[in-house]
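Trainee: Sequence:
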Amino acid sequence: MTSVLRRLRVCVVGLGEMGLIHARNLIKFPGVELSLACKRKEALYSVAQELRAARAFDNYEEAITDKEIEAVVLATKPRDHAKQVALAAKHGKAIFCEKPLGYSTEAVADLEETVRSCGVKCMVGFQRRFDPSYRGAWEQTRKSAMGKSLVLKCTSGDPDFPDKYQRDLGFNSTLLDLAVHDIDLARWLLRSEVSRVFASCDALVYPHLKDMGESDTALCILEMESGARCFMHLSRSLRYGYNVTSELVSADGTIQIGEVKETPMVTLKAGRASTDICPSFSQRFRIAFREEMQAFVDMLRGEPVSHFADIHDAIEATRVAETLVQSWRTGMPARVIRPAKNESKDMSKAAS
Numbered sequence: 001m002t003s004v005l006r007r008l009r010v011c012v013v014g015l016g017e018m019g020l021i022h023a024r025n026l027i028k029f030p031g032v033e034l035s036l037a038c039k040r041k042e043a044l045y046s047v048a049q050e051l052r053a054a055r056a057f058d059n060y061e062e063a064i065t066d067k068e069i070e071a072v073v074l075a076t077k078p079r080d081h082a083k084q085v086a087l088a089a090k091h092g093k094a095i096f097c098e099k100p101l102g103y104s105t106e107a108v109a110d111l112e113e114t115v116r117s118c119g120v121k122c123m124v125g126f127q128r129r130f131d132p133s134y135r136g137a138w139e140q141t142r143k144s145a146m147g148k149s150l151v152l153k154c155t156s157g158d159p160d161f162p163d164k165y166q167r168d169l170g171f172n173s174t175l176l177d178l179a180v181h182d183i184d185l186a187r188w189l190l191r192s193e194v195s196r197v198f199a200s201c202d203a204l205v206y207p208h209l210k211d212m213g214e215s216d217t218a219l220c221i222l223e224m225e226s227g228a229r230c231f232m233h234l235s236r237s238l239r240y241g242y243n244v245t246s247e248l249v250s251a252d253g254t255i256q257i258g259e260v261k262e263t264p265m266v267t268l269k270a271g272r273a274s275t276d277i278c279p280s281f282s283q284r285f286r287i288a289f290r291e292e293m294q295a296f297v298d299m300l301r302g303e304p305v306s307h308f309a310d311i312h313d314a315i316e317a318t319r320v321a322e323t324l325v326q327s328w329r330t331g332m333p334a335r336v337i338r339p340a341k342n343e344s345k346d347m348s349k350a351a352s
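Numbering-wise, the numbering used here puts 122 at position 122 of the sequence shown, and it's gapless, one number per residue.
Treat each hint with caution, since some may be false.
[As the list claims (entries may be wrong)] Each computed DSSO-like pair below joins lysine-lysine, with the alpha-carbon atoms no more than 30 Å apart:
{"#": "1", "residue 1": "Lys83", "residue 2": "Lys121"}
{"#": "2", "residue 1": "Lys67", "residue 2": "Lys90"}
{"#": "3", "residue 1": "Lys121", "residue 2": "Lys28"}
[To be verified] Quick list of simulated restraints, FRET-style, between CB atoms:
{"#": "4", "residue 1": "Glu106", "residue 2": "Pro333", "range": "15 to 25 Å"}
{"#": "5", "residue 1": "Asn59", "residue 2": "Cys118", "range": "18 to 28 Å"}
{"#": "6", "residue 1": "Pro207", "residue 2": "Glu247", "range": "47 to 57 Å"}
{"#": "7", "residue 1": "Lys67", "residue 2": "Asp252", "range": "54 to 64 Å"}
These are calculated hints, taken from the structure and not from any lab test. Note that CB positions come from ideal geometry on N, CA and C, so glycine has one too.
With these hints in hand, go ahead and build the complete structure from the sequences.
Mentor: Rendered as structure tokens:
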């Protein structure tokens, strides 16, 4: 006998690039009734018609507090995430929030208690945890087949830094918006908290960014409490294409994670080898984004979900990124300072 899935009323709030990705994935899942919220009315009604959305809101607060909406997917500007997460939690909504949770620890520090006290489910969009190659690496480390983890080397680079993303900056988004991915990856793969950091940043391709307090190139070191190290190369100017790759060096072997090729094909001709480079993050992580939304839907249905980043993980990513900014400004290593109650946190959750 075929069971009938309970209808889930989910609203995607914000219809930028990430909001559209999540909305288009959600409509593929049986039993999901999709609503949309966007301040740009023309875009809202166009996408609502395309995706046959049940409802369309041109006011974010109205969408988040609407009594018929069960869960929200927050894909708005990062500066708005913290207040929207708090609002959704206080109205009993299950929450998926895009990263970063915020641009300062002060702005996000109270959200863990808010989410806990309101008793709502919350997932944050660190999609690399759902990428097959990264999850495969995590499974290898879980089995202890590679021995003690020693060094994680990460490259995270966009092909360019469009003008539309350069507006309203001045806080080193390379660290506070991009580096959070690798920070979360380090905590998850290495199963340890970050204890001390160092960051060196510059504007080498877009020199005008320096006057804005921004950068397009960064090298960072994370020292983990376990003794492992994470080396991060962050770029807004990899002209050849999109590159998110990592290498995990362990006592008994090394795992190379991800590749820059769009397809597993290399053309050999006239003494040369060529391949197509992945052009964008949406292409590189298309499977991860789908699996991430599937996990959120499963969570809403009360099914067991693993590997996801929760509100604590997101706060830690912001805390470490903020410490990287401190190091960059002073030119010195900086220690990550946490409230006393979190200093001995069991990392079993970060490894789940």
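Trainee: Give a verdict on every hint.
Mentor: Evaluation of the provided hints:
{"no.": "1", "hint": "Lys83 - Lys121", "in the structure": "holds, 16 Å"}
{"no.": "2", "hint": "Lys67 - Lys90", "in the structure": "holds, 12 Å"}
{"no.": "3", "hint": "Lys121 - Lys28", "in the structure": "holds, 22 Å"}
{"no.": "4", "hint": "Glu106 - Pro333: 15 to 25 Å", "in the structure": "holds, 22 Å"}
{"no.": "5", "hint": "Asn59 - Cys118: 18 to 28 Å", "in the structure": "holds, 22 Å"}
{"no.": "6", "hint": "Pro207 - Glu247: 47 to 57 Å", "in the structure": "violated, 31 Å"}
{"no.": "7", "hint": "Lys67 - Asp252: 54 to 64 Å", "in the structure": "holds, 55 Å"}
Taken one by one, the earlier hints fail for this structure only at number 6.
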